[in-house]
Amino acid sequence: MKSSTVDVLIVGAGPAGLAAAIELKRAGVKNVRIVEREKTAGGVPRHSFHPGYGLRDLKRFLSGPKYSRYYVNKALKNGVQISTSTTATDWIDPNTLTLTCPTGIEQVRASVILLATGARERGRAARAVAGKRPSGIYTTGSLQQATYLEDLYIGKTAVIVGTEHVSLSAVLTLKHAGVKTVAMICEKSKHQTVFGAPTIMKLLYRFKLHLATKIVEIQGDQRVTGVKVSRAGKEWVIAVDTIVFTGDWIPDHELARRGGIAIDRKYKSPITNGDSQIPNRSIYTIGNLNLPIKGADRCAVEARKIASKIAKQIHKGSILS
Amino acid sequence: MSNQEFDLAIIGAGVVGTAIAREFAKSDLKIALIDEKADVGEGTSKANTAILHTGFDMTPGSLESKLVSQGYELLKTYAQEVGIAVEKLGALLVAWSQEEVENLPKLKAKAIANGYTQCELITKEGLYELEPNLGQGALAALTVPGEWIIDPWSPIIAFATQAKLAGVQVLLNTKVLKLSYDVDGFKLQSNNGQITTRNLINAAGLYSDEIDGELGFNDFKVTPRRGELIVFDKLARGLINHVILPVPSSMGKGVLVAPTVFGNIMLGPTAENLEDKTATGSTEAGIQGLLQKGARIAPSLLDEEITAIYAGLRAATEHSDFQIKLHSLGGKQNYLTVGGIRSTGLTASMAIAIYVKELLIKAGVEIRDSKELPKIVMNNLGEASLRSYQDVEQIKLKPLHGEIICHCERTTTQEVLDALASPLPPTTIANLGRRTRAGLGRCQGFYCHHELRKLLERS
Ligand SMILES: Cc1cc2nc3c(=O)[nH]c(=O)nc-3n(C[C@H](O)[C@H](O)[C@H](O)COP(=O)(O)OP(=O)(O)OC[C@H]3O[C@@H](n4cnc5c(N)ncnc54)[C@H](O)[C@@H]3O)c2cc1C
Ligand SMILES: Cc1cc2nc3c(=O)[nH]c(=O)nc-3n(C[C@H](O)[C@H](O)[C@H](O)COP(=O)(O)OP(=O)(O)OC[C@H]3O[C@@H](n4cnc5c(N)ncnc54)[C@H](O)[C@@H]3O)c2cc1C
Numbered sequence: 543m544k545s546s547t548v549d550v551l552i553v554g555a556g557p558a559g560l561a562a563a564i565e566l567k568r569a570g571v572k573n574v575r576i577v578e579r580e581k582t583a584g585g586v587p588r589h590s591f592h593p594g595y596g597l598r599d600l601k602r603f604l605s606g607p608k609y610s611r612y613y614v615n616k617a618l619k620n621g622v623q624i625s626t627s628t629t630a631t632d633w634i635d636p637n638t639l640t641l642t643c644p645t646g647i648e649q650v651r652a653s654v655i656l657l658a659t660g661a662r663e664r665g666r667a668a669r670a671v672a673g674k675r676p677s678g679i680y681t682t683g684s685l686q687q688a689t690y691l692e693d694l695y696i697g698k699t700a701v702i703v704g705t706e707h708v709s710l711s712a713v714l715t716l717k718h719a720g721v722k723t724v725a726m727i728c729e730k731s732k733h734q735t736v737f738g739a740p741t742i743m744k745l746l747y748r749f750k751l752h753l754a755t756k757i758v759e760i761q762g763d764q765r766v767t768g769v770k771v772s773r774a775g776k777e778w779v780i781a782v783d784t785i786v787f788t789g790d791w792i793p794d795h796e797l798a799r800r801g802g803i804a805i806d807r808k809y810k811s812p813i814t815n816g817d818s819q820i821p822n823r824s825i826y827t828i829g830n831l832n833l834p835i836k837g838a839d840r841c842a843v844e845a846r847k848i849a850s851k852i853a854k855q856i857h858k859g860s861i862l863s
Numbered sequence: 100m101s102n103q104e105f106d107l108a109i110i111g112a113g114v115v116g117t118a119i120a121r122e123f124a125k126s127d128l129k130i131a132l133i134d135e136k137a138d139v140g141e142g143t144s145k146a147n148t149a150i151l152h153t154g155f156d157m158t159p160g161s162l163e164s165k166l167v168s169q170g171y172e173l174l175k176t177y178a179q180e181v182g183i184a185v186e187k188l189g190a191l192l193v194a195w196s197q198e199e200v201e202n203l204p205k206l207k208a209k210a211i212a213n214g215y216t217q218c219e220l221i222t223k224e225g226l227y228e229l230e231p232n233l234g235q236g237a238l239a240a241l242t243v244p245g246e247w248i249i250d251p252w253s254p255i256i257a258f259a260t261q262a263k264l265a266g267v268q269v270l271l272n273t274k275v276l277k278l279s280y281d282v283d284g285f286k287l288q289s290n291n292g293q294i295t296t297r298n299l300i301n302a303a304g305l306y307s308d309e310i311d312g313e314l315g316f317n318d319f320k321v322t323p324r325r326g327e328l329i330v331f332d333k334l335a336r337g338l339i340n341h342v343i344l345p346v347p348s349s350m351g352k353g354v355l356v357a358p359t360v361f362g363n364i365m366l367g368p369t370a371e372n373l374e375d376k377t378a379t380g381s382t383e384a385g386i387q388g389l390l391q392k393g394a395r396i397a398p399s400l401l402d403e404e405i406t407a408i409y410a411g412l413r414a415a416t417e418h419s420d421f422q423i424k425l426h427s428l429g430g431k432q433n434y435l436t437v438g439g440i441r442s443t444g445l446t447a448s449m450a451i452a453i454y455v456k457e458l459l460i461k462a463g464v465e466i467r468d469s470k471e472l473p474k475i476v477m478n479n480l481g482e483a484s485l486r487s488y489q490d491v492e493q494i495k496l497k498p499l500h501g502e503i504i505c506h507c508e509r510t511t512t513q514e515v516l517d518a519l520a521s522p523l524p525p526t527t528i529a530n531l532g533r534r535t536r537a538g539l540g541r542c543q544g545f546y547c548h549h550e551l552r553k554l555l556e557r558s
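Chains A and B are the protein sequences, given in the same order. Residues 543 to 863 in my numbering are what the first sequence spells out, letter by letter. Residues 100 to 558 in my numbering are what the second sequence spells out, letter by letter.
Among the hints, erroneous ones may be present.
[Stated by the list, open to error] Simulated pairs of lysine-lysine, PhoX-like, Cα-Cα distance not exceeding 20 Å:
#1 B:K376 x A:K674
#2 B:K497 x A:K544
#3 A:K581 x B:K497
#4 A:K730 x A:K770
#5 B:K376 x A:K581
#6 B:K165 x B:K175
#7 A:K544 x B:K495
#8 B:K165 x B:K207
#9 A:K572 x A:K608
#10 B:K136 x A:K674
#11 B:K376 x B:K125
#12 A:K717 x A:K750
[As the list claims (entries may be wrong)] So the derived list for chain A, only partly shown, Cβ under 7 Å to chain B, looks like this:
#13 P644
#14 Q649
#15 R651
#16 A668
#17 A670
#18 G673
#19 P676
#20 G678
#21 A688
#22 Y690
#23 R799
#24 L833
Note that these hints are calculated values from the structure, not bench results. Bear in mind the structure is a predicted one, so any value in this text is a computation, not a measurement. We treat Cβ as the ideally placed atom computed from N, Cα and C, and that holds for glycine.
The following block holds chain B by itself, in its conformation from the complex:
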């Protein structure tokens, strides 16, 4: 790549950057979506708890509260449209101490202030009826029936795929190293050459403050807040029926136990402020701490096998709210930062994209929605839907739908081949897994790793 010119460049192809790219792809702007990683969604977006939040516990009146509740509706609808797994499970916010019991009505009032009116207080008896495997000592709960769970990876792939099909250039393996601007636009120096753009959106997640700094802005500093998570085997799924939330504290939403749409149970996340933005490893202390909490919340969970342990870094800042800012640079160029998208970015992504577009329109950028986005159909990987290996009609059409290649997750060879032939094909076993579930199960590759590598390396 030598010098390329764009009307709009987006740095960061996480859930936020891809949602923005998709939203702007409806216009006739020439757009670049840039990420240093080999795949979209390789940053914070790949490691979260996959909950579609109602926003019941946000700070009322905040931008986050507004965008989470809008994004919740948007993503829920979009997911069902394109075939991304979602499940309406509902959450139970469980009080384990008298103090927490006293907090429940306040949380209910807060939910109402956030426009969410469905919360109900339930007694201990009611709670154990809903969740017989909950550990002893729970005292009461608040229901949040609107909390859904979602496949957290497919939205990113879907956004980026639609954007790409609509003409957005997805520039992966492209790290923005240096930035400069003049009255006409920006020059981005990358490991892949120079990119020139009239308008620039910084959706660089953990690095959004550093990109800001390059352009002379110091509105916030990102402090990575690590969240470690443990995923239990699918055979555990029957133990828990709702998302089990703790009463939130100042460090965040606390440790939850949640079923996933893939049929696992997830325990986490921890919350620990760090300096190192690359500290995505799990820790002994983190894992042990989670297992202790898990033993209290759902003791029988600990008898089940662990299929994955990972950590994600929330882009926390000194501010509690999202940091979405249009900066004035005194020219025809426009620069917009989308930072501090800490704990709710998956849910809020589509609403953030629309908000960002409105800000740029207000700033005078000419954006006309001239295109219909190309329709896409995602491979629904949820246990609640008919999987490829169960689909008699599909097998009839393509026999490899009947050949299971990953036995634990029951991914078929056809699903892998389809992913490899898709507009944004996977390049590693890990990102093949995010598209197909292959290799993400209990055997951790004992049976299928070699087959997957063969297909990947020979494609």
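Chain A on its own, in the form it takes in the complex:
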């Protein structure tokens, strides 16, 4: 089995991992390697085609793909080694990870490991929604990738479950895919995004907003035919062929947990000290793996700060391999 050593190994080439890598190189750390399990680096913004990225970190307002290309190019220019199609699968010890990629299996030992594995939206089962299991059920993430990356058929009419920021991007993505949003529903009695946004969207895209409304059952054998919802004891069916579950984030903590790292019961993110460090280990967590969800810009800004501290410690010699 191949094995190698680096100064810092970063798992995940999303905004957080890339921003941290750039900062580490800038601060003079020699060997910085990012492993990314997808074929392309960039993380979630790769498939978020709406503008909305870069405000806090780049002082610009970019589309997701432009934003992620910016970070990937900058990382490469700064000498960061990015290995795509490469998954960190498990730990050998707290400083060594096993990787799988098409050229084989590799063990990488690092003085510092940064986990930047991101977060995902909870899907239908994770929310314990009852009913049948037809096709036509998405999360915003899967919807965006099917629409923008592969141009696959989505459907005709949709219900969006959730009213977070990301729910608004689901409306835009559905529009792009030629799907009409019929309704947006949310269990809470107040929506969860920017003041006024759902109202504007609702008027612009002509859908109904149902607050304090719960999804009770998914209907349809092959394909979704409708969702049964309930509000204040009243039940009705919204006939649609597509359902998008949005928001309700959970950190992608699998690798962390496989390494025996303790997880916060409420937020499901790894438990760290004030500096995002796993107690007594040279492992750090950055980006949406910590307490989702933040915008990509905040993830990048925070990651940069943490990286800068790590670089100082490496230079001081207080972190040794």
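Given the coordinates of chain A, work out where chain B with the ligands should sit on it, guided by the hints.
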């Protein structure tokens, strides 16, 4: 398809129908295996708790008891031969009340009457030592070391693949609509034209009574008994080491907590008699009820993410035993019903197939085993075996074994391509998942759904 003639037609490609097709494929009969669905195993067989039962709790002397204990040995051996994931976990039948404690010795005696002698009574202390994450309040347990867990889908694919390679015509998307017979055989009208056959086996699961009815038999009525199940994420696997069984009641085996060979934990099933044979949806009440039971059995389980919720319908009848019957129609034709295969059909499948063959031989059908079945190797999807993405040698041969496409289940692109190129290729994301695990994990498609659809739709 216009008119096709066969020596034997089997209606239903569930675990039972496919096992029968495989068994008869050794002969030189011309055979059709018919199912209305787009894939094998799309009925009750796709939704069960995946336990290889010893049969310790069957009714002694019943046909089910006999076929479950035979089938247990047969399937265990077969699975290991062709590379289907099985794990010898053992079960703990846990008593939570004094009454249940008193029942344990009776269950042990019943096990012995069923020919299973390995059960031991253990104390509360012994139990918590084996299962430290078990909820409070358990009083004692009976061990059933022989209860194994198995990949429930691969046997169906394996049976059907071997049958197909040996010449059986697998007619999917073919719904039998009408049946008639004369002294020479049967005419089946389907949405795909007419099928004529000399001998007919009804392995139609929930619809076996209706097929019987078409031919004038009313030996039993199928009442679908829904079982809802919750599957927890792989990160939960360390919580439980055995299959945790409750003390059974008249409604069945009760709610269990069981690890799966894929590394998940399963909670269920419920048991609810229904009228509607298509009611395979889960319900709010069912899910909440299971979560409450789960909170008692293993409280920390509820902190874990749910990766799937589904429901299966057991083909329960008014009889407690299997309903396997050879009917006399007074001609050269033979008709055999395999009904009421309610809660143990996965385990019993291979023994049912042999039993059915013997019945037909007794009835005078000339069946000679003239062929060796073609050897097959299944993709072992169990966590206990070396998966494609971990296999240095495989990656060297085919680099796409090193490209993980479903990150949660760690399915590789090569595994998906192999499934798509197999004799019974998947046609939907769901049945691709049953062959490769792809898309069945915690992200429920957040990361890989589009990639899988692309491969599937462009294949
Ligand atoms: C639909 C949607 C719309 C959004 N819209 C906006 C917006 O308009 N503006 C905004 O600021 N933010 C937006 N966000 C949020 C933003 O995308 C996230 O905050 C940001 O991507 C988080 O960055 P990250 O680096 O922490 O994680 P991610 O971007 O999720 O990147 C994590 C990376 O780690 C990789 N990875 C995980 N595990 C492994 C492993 N074991 N081995 C190798 N690689 C691994 C993943 O493949 C992934 O590429 C949106 C999010 C979504 C889902
Ligand atoms: C919740 C639950 C848990 C279980 N747990 C276990 C367990 O742990 N271990 C175990 O051994 N067993 C278990 N079982 C039992 C096992 O799953 C069943 O006994 C078995 O799947 C029955 O298989 P089958 O082939 O008879 O039926 P099915 O799988 O239902 O097959 C019948 C097939 O016939 C087809 N069909 C019907 N009518 C027609 C028609 N007119 N034309 C064409 N095709 C038709 C259907 O499409 C279907 O595919 C469980 C069952 C349930 C529901």
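Results of checking the hints against the structure:
{"no.": "1", "hint": "B:K376 x A:K674", "verdict": "holds, 13 Å"}
{"no.": "2", "hint": "B:K497 x A:K544", "verdict": "holds, 17 Å"}
{"no.": "3", "hint": "A:K581 x B:K497", "verdict": "holds, 17 Å"}
{"no.": "4", "hint": "A:K730 x A:K770", "verdict": "holds, 17 Å"}
{"no.": "5", "hint": "B:K376 x A:K581", "verdict": "violated, 44 Å"}
{"no.": "6", "hint": "B:K165 x B:K175", "verdict": "holds, 16 Å"}
{"no.": "7", "hint": "A:K544 x B:K495", "verdict": "holds, 13 Å"}
{"no.": "8", "hint": "B:K165 x B:K207", "verdict": "holds, 18 Å"}
{"no.": "9", "hint": "A:K572 x A:K608", "verdict": "violated, 28 Å"}
{"no.": "10", "hint": "B:K136 x A:K674", "verdict": "holds, 16 Å"}
{"no.": "11", "hint": "B:K376 x B:K125", "verdict": "violated, 33 Å"}
{"no.": "12", "hint": "A:K717 x A:K750", "verdict": "holds, 15 Å"}
{"no.": "13", "hint": "P644", "verdict": "holds, 4 Å"}
{"no.": "14", "hint": "Q649", "verdict": "violated, 12 Å"}
{"no.": "15", "hint": "R651", "verdict": "violated, 19 Å"}
{"no.": "16", "hint": "A668", "verdict": "holds, 5 Å"}
{"no.": "17", "hint": "A670", "verdict": "holds, 5 Å"}
{"no.": "18", "hint": "G673", "verdict": "holds, 5 Å"}
{"no.": "19", "hint": "P676", "verdict": "violated, 10 Å"}
{"no.": "20", "hint": "G678", "verdict": "violated, 11 Å"}
{"no.": "21", "hint": "A688", "verdict": "holds, 4 Å"}
{"no.": "22", "hint": "Y690", "verdict": "violated, 9 Å"}
{"no.": "23", "hint": "R799", "verdict": "holds, 5 Å"}
{"no.": "24", "hint": "L833", "verdict": "violated, 17 Å"}
Hint check: violations occur at hints 5, 9, 11, 14, 15, 19, 20, 22, 24; the rest are consistent with the structure.
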